[in-house]
Amino acid sequence: MMQLTPAPLPNPPKLKVEAKGLSVRYGDKVAIKSVSIGLPERQVTALIGPSGCGKSTFLRSLNRMNDLILGASYEGEILFEGQNVLDRAVDVVDLRRRVGMVFQKSNPFPKTIYENVAYGLRLADVPPKAELDARVEKSLQQAALWDEVKDRLGESALALSGGQQQRLCIARALAVEPEVVLMDEPASALDPIATAKIEELIHELKALYTIAIVTHNMQQAARVSDVTAFFYMGELIEVGPTAHMFTNPREKRTEDYVTGKFG
Amino acid sequence: MATHTDKAFEKDLHDLREQLLAMGSRVEKLIADSVLSLSDRDSKLGEAVRKADAEVNRQEIAIDELCRRILALRQPAASDLRLITTALKIVTDLERIGDLAVNIAGRSLDLNQAPPLPSAPELSRLADAAQNQVKRALDAFVHADATAAEAVVQGDDLLDALYHTLFNDLLGLMMEDSKNIRRATSLMFIAKHLERIGDHAINVAEMVIYMVKGTDVRHPRSRGKRPN
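Chains as they are written, first to last, in this note's numbering: chain A, 1 to 263; chain B, 1 to 228.
Since the hints were made in silico from the structure, they are not lab data.
It is possible that some hints are incorrect.
[Stated by the list, open to error] With a cut-off of at most 27 Å between alpha-carbon atoms, the simulated BS3-like pairs for lysine-lysine come out as follows:
#, chain 1, residue 1, chain 2, residue 2
1, A, 252, B, 11
2, A, 111, A, 33
3, A, 252, B, 51
4, B, 135, B, 179
5, B, 29, B, 7
6, A, 33, A, 138
7, B, 179, B, 89
8, A, 252, B, 29
9, B, 44, B, 213
10, B, 7, A, 252
11, A, 197, A, 33
12, B, 135, B, 11
[As the list claims (entries may be wrong)] Using C-beta positions, here's what the derived DEER-type ranges look like:
#, chain 1, residue 1, chain 2, residue 2, range
13, B, 21, A, 262, 48 to 58 Å
14, A, 243, B, 88, 10 to 20 Å
15, A, 192, B, 158, 14 to 24 Å
16, A, 226, B, 217, 20 to 30 Å
17, B, 6, A, 193, 52 to 62 Å
18, A, 103, B, 54, 53 to 63 Å
19, B, 61, A, 162, 27 to 37 Å
20, B, 182, A, 243, 22 to 32 Å
21, B, 17, A, 162, 55 to 65 Å
22, A, 50, B, 39, 54 to 64 Å
23, A, 162, B, 217, 19 to 29 Å
All values derive from a computational prediction rather than experimental measurement.
Don't be surprised by glycine CBs; every beta carbon is placed ideally from N, CA and C.
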């Protein structure tokens, strides 16, 4: 029998990343206000909410991608393995290696399939060919793409289908052995079959990685995530076990959003 | 209350509630008529109950179909999902209540062929109590009132007590005169059907509590054991 009231977890999972009182501004505009939330280790956290609610801003804060936006400023802290990633002393290149990202639109480099995956590894240092080959293969296998491309690694990545390109981008993110993978609408430009492959991949990857995914597709959030966080107008309204958030949320605004009563 | 952005979805949910209400009020009437067919010795009414059950069955099928369509097309969540799953379960209880009313009517038709037994006042009290439970469970559904539904769940004790008293009274009639046995047995069946109607009302009320609060109150003694 399913209990819908959230039972306390026997062992609360370790939080891999924890935002405390995080606010982000773009110039004068407040994008998110005092958000406190943890990403449980090796679980999938889905961030949902209407456009402009701050979910992507939150996601991009976790590896400081917002730094690239002029006028972006942070308050509060984001602890990653105990260290505040907002600290000026943090090496953002290293941070982004450890907290990788996959975007809405697949963006392979105009290079071969092999070079796309090897790219990040070559940036760090240049490993011996055999090691590079092994890591490219491992990453492509983790991204469930290896069987489809193993005989054509020298071909242009741009010749792949949209779904394959997206999995290639995931392989590229995995190649540098991140600990956290952030996904911003990773399947919104894909057909249902390619979407299902990405979702299946997310299930497999959570054995190894902590994952946060932004999605506009609520059924997708329901399917892939363990924990769901609902953002609205820059605030974190509610966060909880996904099954609970979609059957019996506590907050009226969450209820209205997941039942389609907004706007 | 906020409405769905998708008006067609809003209409589907509205239709579902309306259909459940229509089915509920039809079933209430079937119970009342089946009991009247006995107390007033009105066999025409008894026949009408038997015929009207077909419409209850049609309503059950239509509501199930609507629920499946909403599930497939709308992927309902939260309170909408709880409404749909509640609807899918309570139509079964309502349909069973209809069947039990038909059974009561059938027994009445039989009893009306013979002279009445000395009156058993507990029978009309049991009939009233059963009808009242069904009515209150349906009202709790209409008003999404978990407190009222909880009162229905608590109200089952009265029904059980009336049933046991009646059972013993009827046994007494049988022991007094063996010519009473056939009729008293029929009345016992009717009493059992009324008691079962009360149980179905409880099921409806329990689902209403789930629909409103999201907590499942059924089988409290089975709690804490996890299915394998």
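Structure-based check of each hint:
no.	hint	verdict
1	A:252 <-> B:11	holds, 21 Å
2	A:111 <-> A:33	violated, 41 Å
3	A:252 <-> B:51	violated, 45 Å
4	B:135 <-> B:179	violated, 37 Å
5	B:29 <-> B:7	violated, 33 Å
6	A:33 <-> A:138	violated, 40 Å
7	B:179 <-> B:89	violated, 43 Å
8	A:252 <-> B:29	violated, 37 Å
9	B:44 <-> B:213	violated, 43 Å
10	B:7 <-> A:252	holds, 20 Å
11	A:197 <-> A:33	violated, 35 Å
12	B:135 <-> B:11	holds, 25 Å
13	B:21 <-> A:262: 48 to 58 Å	violated, 28 Å
14	A:243 <-> B:88: 10 to 20 Å	holds, 19 Å
15	A:192 <-> B:158: 14 to 24 Å	violated, 55 Å
16	A:226 <-> B:217: 20 to 30 Å	holds, 27 Å
17	B:6 <-> A:193: 52 to 62 Å	violated, 26 Å
18	A:103 <-> B:54: 53 to 63 Å	holds, 59 Å
19	B:61 <-> A:162: 27 to 37 Å	violated, 43 Å
20	B:182 <-> A:243: 22 to 32 Å	violated, 55 Å
21	B:17 <-> A:162: 55 to 65 Å	violated, 42 Å
22	A:50 <-> B:39: 54 to 64 Å	holds, 59 Å
23	A:162 <-> B:217: 19 to 29 Å	violated, 48 Å
When held up to the earlier numbered hints, the structure conflicts with 2, 3, 4, 5, 6, 7, 8, 9, 11, 13, 15, 17, 19, 20, 21, 23 and fits the remainder.
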